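2 protein chains.
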Amino acid sequence: MGVELVFDEDFYKEVEKRMLERGVKVTEEHKKYGLIPAGFELIKNDYGLAPGYFYKKDGKILLVLPGPPHELRNVLENASKKFEGLTKKKVLVKTVKTFGLKESDIVERIKDVIEELKPIGSYPIIPGMVDLRLTLVGEDEEKLKEEMEKKLDILRERLGDAIYGFDDDTLPGVIGKILRSKGMTIATAESCTGGLVANYITDVSGSSDYFKGGVVSYWNEVKSGVLGVSDVILEHFGAVSEPTAVMMAEGVRKLLGTDVGISTTGIAGPTGGTPEKPVGLVFMGVSIHGKTFVLKKIFKGDRLMVKKQAALNLLDFLRRKLGEVQ
Amino acid sequence: MGVELVFDEDFYKEVEKRMLERGVKVTEEHKKYGLIPAGFELIKNDYGLAPGYFYKKDGKILLVLPGPPHELRNVLENASKKFEGLTKKKVLVKTVKTFGLKESDIVERIKDVIEELKPIGSYPIIPGMVDLRLTLVGEDEEKLKEEMEKKLDILRERLGDAIYGFDDDTLPGVIGKILRSKGMTIATAESCTGGLVANYITDVSGSSDYFKGGVVSYWNEVKSGVLGVSDVILEHFGAVSEPTAVMMAEGVRKLLGTDVGISTTGIAGPTGGTPEKPVGLVFMGVSIHGKTFVLKKIFKGDRLMVKKQAALNLLDFLRRKLGEVQ
Numbered sequence: 001m002g003v004e005l006v007f008d009e010d011f012y013k014e015v016e017k018r019m020l021e022r023g024v025k026v027t028e029e030h031k032k033y034g035l036i037p038a039g040f041e042l043i044k045n046d047y048g049l050a051p052g053y054f055y056k057k058d059g060k061i062l063l064v065l066p067g068p069p070h071e072l073r074n075v076l077e078n079a080s081k082k083f084e085g086l087t088k089k090k091v092l093v094k095t096v097k098t099f100g101l102k103e104s105d106i107v108e109r110i111k112d113v114i115e116e117l118k119p120i121g122s123y124p125i126i127p128g129m130v131d132l133r134l135t136l137v138g139e140d141e142e143k144l145k146e147e148m149e150k151k152l153d154i155l156r157e158r159l160g161d162a163i164y165g166f167d168d169d170t171l172p173g174v175i176g177k178i179l180r181s182k183g184m185t186i187a188t189a190e191s192c193t194g195g196l197v198a199n200y201i202t203d204v205s206g207s208s209d210y211f212k213g214g215v216v217s218y219w220n221e222v223k224s225g226v227l228g229v230s231d232v233i234l235e236h237f238g239a240v241s242e243p244t245a246v247m248m249a250e251g252v253r254k255l256l257g258t259d260v261g262i263s264t265t266g267i268a269g270p271t272g273g274t275p276e277k278p279v280g281l282v283f284m285g286v287s288i289h290g291k292t293f294v295l296k297k298i299f300k301g302d303r304l305m306v307k308k309q310a311a312l313n314l315l316d317f318l319r320r321k322l323g324e325v326q
Numbered sequence: 001m002g003v004e005l006v007f008d009e010d011f012y013k014e015v016e017k018r019m020l021e022r023g024v025k026v027t028e029e030h031k032k033y034g035l036i037p038a039g040f041e042l043i044k045n046d047y048g049l050a051p052g053y054f055y056k057k058d059g060k061i062l063l064v065l066p067g068p069p070h071e072l073r074n075v076l077e078n079a080s081k082k083f084e085g086l087t088k089k090k091v092l093v094k095t096v097k098t099f100g101l102k103e104s105d106i107v108e109r110i111k112d113v114i115e116e117l118k119p120i121g122s123y124p125i126i127p128g129m130v131d132l133r134l135t136l137v138g139e140d141e142e143k144l145k146e147e148m149e150k151k152l153d154i155l156r157e158r159l160g161d162a163i164y165g166f167d168d169d170t171l172p173g174v175i176g177k178i179l180r181s182k183g184m185t186i187a188t189a190e191s192c193t194g195g196l197v198a199n200y201i202t203d204v205s206g207s208s209d210y211f212k213g214g215v216v217s218y219w220n221e222v223k224s225g226v227l228g229v230s231d232v233i234l235e236h237f238g239a240v241s242e243p244t245a246v247m248m249a250e251g252v253r254k255l256l257g258t259d260v261g262i263s264t265t266g267i268a269g270p271t272g273g274t275p276e277k278p279v280g281l282v283f284m285g286v287s288i289h290g291k292t293f294v295l296k297k298i299f300k301g302d303r304l305m306v307k308k309q310a311a312l313n314l315l316d317f318l319r320r321k322l323g324e325v326q
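Residue numbers (the numbering used here), protein chains in the order written: chain W, 1 to 326; chain C, 1 to 326.
A hint or two may mislead.
Stated by the list, open to error - Calculated pairs, DSBU-like style, for lysine-lysine (alpha carbon to alpha carbon, straight line, at most 35 Å):
id : chain 1 : residue 1 : chain 2 : residue 2
1  : C       : 32        : W       : 102
2  : W       : 81        : C       : 177
3  : W       : 145       : W       : 90
4  : W       : 177       : C       : 111
5  : W       : 308       : C       : 81
6  : W       : 182       : C       : 300
7  : C       : 177       : W       : 297
8  : C       : 44        : C       : 25
9  : W       : 88        : W       : 57
10 : C       : 111       : C       : 57
11 : C       : 308       : W       : 25
12 : C       : 111       : W       : 297
13 : C       : 81        : W       : 297
14 : C       : 44        : W       : 44
15 : C       : 102       : W       : 25
16 : C       : 32        : W       : 25
17 : C       : 44        : W       : 118
Since the hints were derived computationally from the structure, they do not count as laboratory data. Model, not experiment: these values are computed from the prediction.
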């Protein structure tokens, strides 16, 4: 099937304007940006020059999207209104976000009620972090909502506090809400995660309300000199140890004057492991006011996977500890 | 087409062993993990229980992969040896990694020699960061290498120092090599990027050789109290300003005693923008020994895109400045 291209004057003028804004020297060559497939509707791309192309026939749609992920997402969002009214059927989707149970643990907990939950899909993000997706299709929206609520009640009962949120909730977003509701501030002290924990926290819009800042203490002299981890502790127990994780979390809390301090120290690999302290070993500390707790884990996977698992496990550990605070 | 499942005793024992290691209570139910499609070969999954399944017929292959991205990558790598010998044709692929030119700028620079470069694909990562992929297919490997070298020479001549690397090179990896070769150490001072710059740097294995650590100074009291940015500067010019970026980069260099200090301060959004200082405005500082340089940019996109562009633009700015150091 061939598609005829037509020149869209209005659209080309918009593209030309954007190119001029970006300092592009517009040439005759650029006119081709104004050619669009005949019969297609343009969908706005807020981040790039290539728009989306939308076509609808016999209740089916064709959508052409730009390549760069952020542009693709943007155009897809801008096109989403077009999907409405294609069918009378309503689709209700709910994502239940869990942390602390393996996929096989979840199956074990719900297998006797699985028929009441179907269709249900499970999507592991990292080991111990699983999204569950419930889908309902029907014509009566109210009834769908009721049915969904029943399914959610079953999952709440079976999975308990492993559920940290729903749909667009994220671990750092949920933690942000808890900190905000308690009027608490937080600081990070990172070794093996190298800034990833602070990065996750600051991905949340408005995190500057409770996140004062953090220290990445890769070298021991930064752990002692900036965070105040004692040299005796570093020599006797080593940088990758429970006492170091404690002193890092407490140290950054004191340095930045926050209610909460959290820390990571471990071996991200692939080098640096020993029989006693293998690659993947990470200590994660949470200091809230006077009390400090440490979680020890050995993660599998490559360097980036160890960093990611350490950062997310620390955030989940923090979520649970914040839940215990009155 | 139906596929018969057969029970693989040896494989099941391996799975059972792994489950026991992970503390899973093994039940009769788990036996299904030992069922594999008849005629398929198993491919090892180092990170999960689900293996890959490999099938080859008439020079064509079918490979079944597990879902979680890190498991998929692992199984694909483990399977890659199986692809050899499927054809006599050799495929030579080279990726040229560029920073500092828009996709349209690159087109402008190479359009008169495009026939000599074809087939060439361009893959924008973020605005101003573009991967170019050259592909050659043929039976004579030596000849392919020669042809590829000719194409690379053309690109080197046309794109100059916008090329930061090839194939698996990354911006933080390339910077690591430069720092290592010069025997220099580095520290980060981040505001709007919130730890992302340090995270990128520490994604590189061995980065602890030159990266001492960093400070995420989200609140002004951290900028002044820890990094020593003067209160007068913060009041007069504001936290998002060239002088603040300078003092952050110099401050962290002095605090951690490194040769190089780099900084970011800006407005990641979506809130906090003003007509004078809009969302997306970022100042990036590079302090090398006594000299400090600042790059000012206004990035488009959402919060995460602003953070990402700021972190990567800072790293490229650093790469260029390190190149000027004797």
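(message) Please verify whether residue 44(C) and residue 25(C) have alpha carbons no more than 35 Å apart.
(response) Measuring from Cα to Cα gives roughly 23 Å; hence the hint holds.
(message) For residue 88(W) and residue 57(W), compute the direct alpha-carbon distance and say whether it is at most 35 Å.
(response) Roughly 17 Å separates the two Cα atoms, so the pair holds.
(request) Given the hint that residue 102(C) pairs with residue 25(W), test it: the Cα-Cα distance must not exceed 35 Å. (result) The given pair, whose Cα atoms are some 12 Å apart, holds under the 35 Å limit.
(message) Does residue 177(C) sit within 35 Å of residue 81(W), going by the straight-line distance between their CA atoms?
(response) violated, 49 Å
(message) Hint check: residue 177(C) vs residue 297(W), CA-CA at most 35 Å. Holds or violated?
(response) holds, 32 Å
(message) Against the 35 Å threshold, does the CA-CA distance of residue 81(C) and residue 297(W) hold or violate the hint?
(response) Cα-Cα ~33 Å, so holds.
(message) For residue 177(W) and residue 111(C), compute the direct alpha-carbon distance and say whether it is at most 35 Å.
(response) The hint is violated at about 52 Å.
(request) With a cut-off of 35 Å on the C-alpha distance, tell me whether residue 44(C) and residue 118(W) pass. (result) holds, 31 Å
(message) Run the distance test for residue 32(C) versus residue 25(W): straight-line Cα separation, threshold 35 Å.
(response) Given that 35 Å is the threshold and the Cα spacing comes to 63 Å, the pair is violated.
(request) With a cut-off of 35 Å on the C-alpha distance, tell me whether residue 111(C) and residue 297(W) pass. (result) Answer violated: residue 111(C) to residue 297(W) is near 54 Å, above 35 Å.
(request) Given the hint that residue 145(W) pairs with residue 90(W), test it: the Cα-Cα distance must not exceed 35 Å. (result) The given pair, whose Cα atoms are some 11 Å apart, holds under the 35 Å limit.
(message) Holds or violated: residue 111(C) and residue 57(C), Cα atoms, limit 35 Å.
(response) Violated: residue 111(C) and residue 57(C) sit about 43 Å apart, past 35 Å.
In this structure, the earlier hints numbered 2, 4, 10, 12, 14 and 16 are contradicted, and the remaining ones agree with it.
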